[in-house]
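Peer 1: From just these sequences and the hints, can you work out the full model?
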Amino acid sequence: MNNFLMEMKKNRMLYIMLLPAVLLVLLLNYLPMAGIILAFKNFRYNLGIWGSEWAGLRNFRFFFLSGTGWMVTRNTILYNLINLLTTQLLAIIIAIVLNDIRGRLFKKLSQSAIFLPYFISWIIVGVFAYNIFNYESGLLNGALKALGAKPVNVYAEPSLWWLIIPSFNAWKWVGYTSVIYIAAITGIDPECYESADIDGANIFQKTFYITLPSIRTTIIIMLLLSIGRILRGDFQMFYQLVGNNGQLFSATDVIDTFVFRSLVTGGDLSMSSAATFYQSVLCFLIIVLVNGVVRRVDPDSALF
Amino acid sequence: MKLFQPRRNAIKMPASTVVFNVAGYLLLSFFAIICLLPFVFLISASFTSEKAIALSGFSLIPKEFSTDAYRLLFRNPTDILRAYGVSGMITLSGSVVGLFIISMTAYVLSRPYLRYRYQITFYFYFTTLFSGGLLSVYILFVRYLGLKNNYLALILPLLVNVFYLLIMRSFITAIPESIFESAKIDGAGELTIFLRLVLPLSTSALATIGLFLILDYWNDWYHAMLYMSDYKKFPLQYMLYNLLSASEAIARLSRTASISVVEVPSRAVRMAMTVVATGPILLVYPFVQRYFVKGVTLGAVKG
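So the sequence lines, in the order shown, correspond to chains A and L. First residue of the first sequence: 1, per the numbering used here; consecutive thereafter. First residue of the second sequence: 1001, per the numbering used here; consecutive thereafter.
None of these hints come from the bench; they were simulated from the model. Since the structure is predicted, the reported quantities are computational estimates derived from the model, not experimental observations. Certain hints may be false.
[Said to hold, decoys possible] Derived CB-CB ranges, DEER-like:
no., chain 1, residue 1, chain 2, residue 2, range
1, L, 1016, A, 66, 35 to 41 Å
2, L, 1079, A, 292, 52 to 58 Å
3, L, 1075, A, 24, 38 to 44 Å
Backbone N, C-alpha and C define an ideal beta-carbon position, used for all residues, glycine too.
Peer 2: Shown next, in the form of structure tokens:
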């Protein structure tokens, strides 16, 4: 205790400088954490969080027995897995190509194009999607008609979205992710490549035997981060691409869109509070578990 | 054989390198075009006459060039200008305050003689691992803090980003400690050191984090959707979203109910509106791209 007081006295100014951020995080992040007890309450807005009645496990029962729980969980996990594979794979390939290709100008220009999607909001991406897929004047149906094929109503065809959503996800994120891999590749010791050159290794051999093994740690970290988020859906993407189009929910509804909808369109708040609890707690457990395993195997790659 | 290999390499690329480059050029060109094409279509559509869009859909180059959409849009520009003002105000205040708090906190957490720095860093880091979820934040904001239709509801949630905080901390840690020590000998306090030394020495890191904050605020529509119901307080992105979805709803209704279309903003106008909302970002993009690369790279090194 004495130590504590002495530290406060010695670094008083530093602790004062910390206050704004500490208080903001307390208010915006820690205080709401208490709100996850809502999952066990029968929430009534006018009674507030503390005033509402306890509901035991009823909310969870509803969430899963209605079938919604399993559906949104399945969709969230499947989309995350598909997105993880496509985006990371494409980003690695693009990073390797960008690093080794000749022609500075071409490199610069293509890089600029590939990073651009990160800079725009999902609203704009939603407009793009609509320009491509809308039934009357979309590019897709324009092309189909020109080829003499029948137009498709993409917004009434759930199965197509298993292709569309990962495509847009990759479109938006591959540029950003590839920068991370480029940074990792730049960190590789050039001597490795020089000695490989002397041994007469060709560019593919260098890629497979030097580049890929050297960025292994980065790849693992990226995979871990994604697995830690496997129950979180990118709300903005799903909402802007799909909207409140009930016809598509069987293939597009994720936990985050489900919770959001219940809030803005007056759906079942109890069920979504159960969904929130289940998502937050499970996500936390997965991260701690994964990090524990990594810490055992390779302490340097551990997140905390 | 081995003796000749390097010489031949010096004159002519080995076949594998040629293959790699050709494949690389094809792949990158393909992906770059996919990334750019939607923007080209968007801009082209906004400059196409409504008739041409109705007849033959969107095209790469305007079939019938026209600036009608923009003229229509700016005939009554008050809504758009106001939304621009709201977005600008929120972006400016949010990123300036956010940048200040983040860099100040990062400086404190980089001090080796701060006894509880690991515990406090974890206090921040923990929020990325566990969250109370949308519902409780919403209830806190609306019911307990009364932030409905308050601009603070748009500024606060994006203010302290832990990821940016860690990037900033690793940047400040890289500044030689001796600079701070000599300032201390001259009698400077911590706040003075932060304001007079740390801030000027980290301009490029500040620009980097500033860029990310500006993007976060400018592109945010989500918090506006949650907390703003007053039309006059909509930021640009959310205004755009509302106009787009409202006009789409009217259009769909008039189609299915086969009523004559009641002044539905034409498709070209909607595209023009999207261009107007994206414009600032596209304009500054070439100048800020390197900061983007820098920020992601710094974040990647930290893991």
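Peer 1: The structure should be examined with respect to each hint, and the outcome stated for every one.
Peer 2: Verification of the hints:
no.	hint	verdict
1	L:1016 / A:66: 35 to 41 Å	violated, 57 Å
2	L:1079 / A:292: 52 to 58 Å	holds, 53 Å
3	L:1075 / A:24: 38 to 44 Å	holds, 43 Å
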